[in-house]
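*Asks:* Sequence:
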Amino acid sequence: MDNKNTSSNFIRDIVIEDLKSSKVKEVVTRFPPEPNGYLHIGHAKAIVLNFELADEFGGRTNLRFDDTNPTKEDTEYIESIKEDVAWLGFKWDGLYFASDYFEEMYNRAVLLIKKNKAYVCDLSPEEIREYRGTLTQPGKESPYRNRSVEENLELFERMRRGEFKDGEKVLRAKIDMASPNMNMRDPVLYRICHASHHNTGDKWCIYPMYDFAHPIEDAIEGVTHSICTLEFEDHRPLYDWVIKECEMECQPQQIEFARLNLTNTVMSKRKLKQLVDAGFVDGWDDPRMPTISGLRRRGYTPEAIRKFCREIGVAKTNSTVDHRLLEHFIREDLIDKTPRTMAVLRPIKVVITNYPEDKEEIFEVDYNLDAPEMGKRPVPFSRELYIDRDDFMENPPKKYFRLYPGNEVRLKDAYIIKCNEVIKDDKGNVVELRCTYDPETRSGTGFTKRRVKGTIHWVSARHAVPAEFRLYEPLINDDAEGDSENFLEQVNPNSMEVLQGFMEPSMKDARPMDRFQLIRIGYFIVDNKYTTDEKIVLNRIVALRSSFKVKK
RNA sequence: UGGGGCGUAGCCAAGCGGUAAGGCACGGGACUUUGACUCCCGCAUGCGUAGGUUCGAAUCCUGCCGCCCCAGCCA
Numbered sequence: 000m001d002n003k004n005t006s007s008n009f010i011r012d013i014v015i016e017d018l019k020s021s022k023v024k025e026v027v028t029r030f031p032p033e034p035n036g037y038l039h040i041g042h043a044k045a046i047v048l049n050f051e052l053a054d055e056f057g058g059r060t061n062l063r064f065d066d067t068n069p070t071k072e073d074t075e076y077i078e079s080i081k082e083d084v085a086w087l088g089f090k091w092d093g094l095y096f097a098s099d100y101f102e103e104m105y106n107r108a109v110l111l112i113k114k115n116k117a118y119v120c121d122l123s124p125e126e127i128r129e130y131r132g133t134l135t136q137p138g139k140e141s142p143y144r145n146r147s148v149e150e151n152l153e154l155f156e157r158m159r160r161g162e163f164k165d166g167e168k169v170l171r172a173k174i175d176m177a178s179p180n181m182n183m184r185d186p187v188l189y190r191i192c193h194a195s196h197h198n199t200g201d202k203w204c205i206y207p208m209y210d211f212a213h214p215i216e217d218a219i220e221g222v223t224h225s226i227c228t229l230e231f232e233d234h235r236p237l238y239d240w241v242i243k244e245c246e247m248e249c250q251p252q253q254i255e256f257a258r259l260n261l262t263n264t265v266m267s268k269r270k271l272k273q274l275v276d277a278g279f280v281d282g283w284d285d286p287r288m289p290t291i292s293g294l295r296r297r298g299y300t301p302e303a304i305r306k307f308c309r310e311i312g313v314a315k316t317n318s319t320v321d322h323r324l325l326e327h328f329i330r331e332d333l334i335d336k337t338p339r340t341m342a343v344l345r346p347i348k349v350v351i352t353n354y355p356e357d358k359e360e361i362f363e364v365d366y367n368l369d370a371p372e373m374g375k376r377p378v379p380f381s382r383e384l385y386i387d388r389d390d391f392m393e394n395p396p397k398k399y400f401r402l403y404p405g406n407e408v409r410l411k412d413a414y415i416i417k418c419n420e421v422i423k424d425d426k427g428n429v430v431e432l433r434c435t436y437d438p439e440t441r442s443g444t445g446f447t448k449r450r451v452k453g454t455i456h457w458v459s460a461r462h463a464v465p466a467e468f469r470l471y472e473p474l475i476n477d478d479a480e481g482d483s484e485n486f487l488e489q490v491n492p493n494s495m496e497v498l499q500g501f502m503e504p505s506m507k508d509a510r511p512m513d514r515f516q517l518i519r520i521g522y523f524i525v526d527n528k529y530t531t532d533e534k535i536v537l538n539r540i541v542a543l544r545s546s547f548k549v550k551k
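Note that numbering that gives the first Met the number 0 gives residue 409 to position 410 of the first sequence, counting from 1, and the numbers run on in steps of one.
Warning: the hint list may mix true and false statements.
Said to hold, decoys possible - When the alpha-carbon atoms are kept at most 30 Å apart in a straight line, the in silico DSS-like pairs for lysine-lysine are as follows: (1) LYS411 x LYS548; (2) LYS272 x LYS348; (3) LYS336 x LYS116; (4) LYS358 x LYS411; (5) LYS243 x LYS24; (6) LYS375 x LYS397; (7) LYS375 x LYS452; (8) LYS452 x LYS348; (9) LYS139 x LYS114; (10) LYS358 x LYS417; (11) LYS81 x LYS116; (12) LYS528 x LYS90; (13) LYS113 x LYS243; (14) LYS268 x LYS528; (15) LYS272 x LYS90; (16) LYS397 x LYS426; (17) LYS19 x LYS113.
It should be emphasised that the hints constitute simulated quantities derived from the structure, not laboratory data. All of these numbers come straight from a predicted model, not from anything done at the bench.
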């Protein structure tokens with residue numbers, strides 16, 4: 000894979016220490032998504048961490064679906080998650096489902112009951128909440144807490160047999176209702192849920208809770224380092240309790256790190272879903288979405304995402320990474336991988352008045368001067384051309400190197416032209432520029448008699464191929480992601496701009512997902528959803544950096 | 001005002017008692033047939049804050065301040 004410049008982080012330090020002290024003999028990690036949504040860049044951080052950590056020390060990483068809640072999960076997500084992890088470039092060792100372990104979990108729950116460490120509770124959900132107490136007040140014990148082992152055993156079995164309705168009973172751990180850690184106040188281990196499971200069908204009507212299931216899953220798989228996000232820190236005592244009381248042979252250790260936040264976007268499933276449902280975006284794979292599928296359609300590469308994930312580091316500090324760091328890595332990755340071609344997004348016609356009407360030249364131009372092995376393509380030149388409106392100003396400010404009346408610019412890989420006349424319509428809009436070219440200045444002839452400050456891109460009008468260009472801006476306006484319910488107010492209404500322009504003829508056979516650097520404009524990818532045989536649609540992956548700041 | 005965490009530059013982040021890495025961003029310059037790329041240079045007398053220990057503290061101790069998480073039969 001690509002060069003890994005694994006930087007130090009506290010989890011890696013722990014692993015190194017555990018190996019050194021022989022606490023563990025090998026490193027086993029896992030990526031444990033719940034199949035209830037699409038993966039996003041935040042998941043990528045966890046994926047890269049888990050897979051590369053194990054990989055660095057010759058260990059293993061499992062992909063395990065944490066499917067303990069049939070009401071929220073769906074098999075549709077399983078495929079998309081597998082696809083995304085694979086696309087990111089990782090091969091899992093084992094592919095598992097928490098639901099594969101349901102029988103084992105049930106047996107461990109029975110063990111807990113026999114040890115008098117768990118009991119069946121008849122309190123309603125509301126009552127359980129009331130009995131739990133508050134952050135500052137201890138809870139009180141359930142009246143069902145002291146049922147006999149025999150009665151608990153029988154009740155739990157009847158729960159499994161389906162003799163009770165949803166919510167009628169739960170299995171709870173018997174820990175400490177006065178614990179300052181809310182998670183230890185007799186947490187629910189199993190709930191009744193008469194729902195069909197994507198994997199186990201109707202075999203079960205009781206399902207284990209995360210806090211009970213997760214440590215057992217890890218232990219069964221021999222996971223040594225169970226890496227999760229910060230909000231589970233409070234759950235660690237319970238995680239350890241389950242491992243110990245269920246008498247698991249393997250004792251994984253849970254380590255928490257801060258999840259990724261990015262500026263100008265949102266990462267929560269809920270908010271992402273809101274964007275989709277409200278129609279602000281075109282679906283989970285809209286190129287503006289921070290989902291893996293969105294980034295893929297946008298044109299990001301797995302390499303760029305991986306490098307980004309390494310660079311941001313792993314720590315416990317809540318942080319929000321500047322989205323421009325992600326942009327940095329896609330530019331860096333694409334610079335020597337993409338052919339460089341020309342397209343005009345906002346066309347304005349240029350007529351070369353001293354160029355014969357029936358004449359036409361074909362220039363053979365390198366696809367990428369920095370990667371000559373990409374070869375050359377023919378670029379036709381003729382009397383009428385298109386250039387970008389941004390490259391002409393009738394009344395330019397100082398330091399404007401582009402075209403204006405009386406000024407000369409070089410047409411990239413062609414001639415130097417001079418603007419002589421500006422044609423306007425009735426309303427005063429510039430509709431055409433009349434220029435003359437200097438035949439002596441043709442590219443490749445070694446002409447050095449005079450230099451011009453500006454070089455602009457162009458397309459021969461006669462040969463131009465119409466295309467649609469989609470330019471993107473951040474989904475969320477500048478100020479930090481608010482917590483408000485109406486975060487939709489922060490959505491950038493101008494996050495997509497659609498332009499009808501022209502591209503050079505060499506691009507006419509481009510296929511979906513082909514990438515280009517459109518010279519002076521940015522990196523683009525052929526959209527795989529809206530491109531048809533008739534028309535190519537290009538998404539701008541990222542603009543080129545620019546130090547040009549002159550305002551019109 | 002219970003418990004668990006976290007505070008190093010605009011944004012990430014290394015640092016683990018010996019005198020503040022690196023990246024992004026930003027500013028300046030060189031080069032340039034992409035105002036791109038590349039290359040130089042600059043960018044924390046300072047590590048939330050106040051004390052203390054020490055020859056020496058971002059690192060150790062104490063107090064304070066700020067921010068995040070926890071009261072699902074979600075994960």
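*Asks:* Taking the hints in turn, state whether each one holds.
*Replies:* Here's how the hints hold up against the structure:
About 21 Å separates the Cα atoms of LYS411 and LYS548, which keeps this hinted pair within 30 Å; it holds. A threshold of 30 Å between alpha carbons decides the hint, and for LYS272 with LYS348 the separation of about 43 Å lies outside it, so the pair is violated. Between LYS336 and LYS116 the CA atoms are separated by roughly 60 Å; this puts the pair beyond 30 Å, and the hint is violated. With a CA separation close to 19 Å, the supplied pair LYS358 and LYS411 stays within the 30 Å bound.
At most 30 Å may separate the alpha-carbon atoms for a hinted pair to count; LYS243 and LYS24 meet this at roughly 20 Å. A threshold of 30 Å between alpha carbons decides the hint, and for LYS375 with LYS397 the separation of about 36 Å lies outside it, so the pair is violated. A C-alpha spacing of about 26 Å is found between LYS375 and LYS452, which places the hinted pair at or below 30 Å, so the restraint holds. Pair hint LYS452 plus LYS348 holds up; C-alpha atoms about 22 Å apart against a cutoff of 30 Å.
Proximity of LYS139 to LYS114 is assessed by CA-CA distance (about 22 Å); at most 30 Å being required, the pair is judged to hold. Proposed proximity of LYS358 and LYS417 is supported: the alpha carbons are some 19 Å apart, at most 30 Å. A hinted pair counts as satisfied when its Cα atoms are at most 30 Å apart, and LYS81 with LYS116 does not qualify at roughly 37 Å. Annotation: proposed proximity of LYS528 to LYS90 holds, straight-line Cα distance about 27 Å (limit 30 Å).
Distance restraint check for LYS113 and LYS243: the Cα-Cα separation of roughly 15 Å lies within the 30 Å cut-off, and the hinted pair is therefore satisfied. In summary, the hint linking LYS268 to LYS528 is supported, as the alpha carbons are separated by about 23 Å, within the 30 Å threshold. With a C-alpha separation of about 28 Å, the suggested pair LYS272 and LYS90 falls inside the 30 Å cut-off, and the hint holds. Distance check on the hinted pair: LYS397 and LYS426 sit about 27 Å apart at the alpha-carbon level, within 30 Å; holds.
The hinted pair formed by LYS19 and LYS113 fails the criterion: a straight-line CA distance of about 38 Å is larger than 30 Å.
The structure is inconsistent with the numbered hints 2, 3, 6, 11, 17, although it conforms to all the rest.
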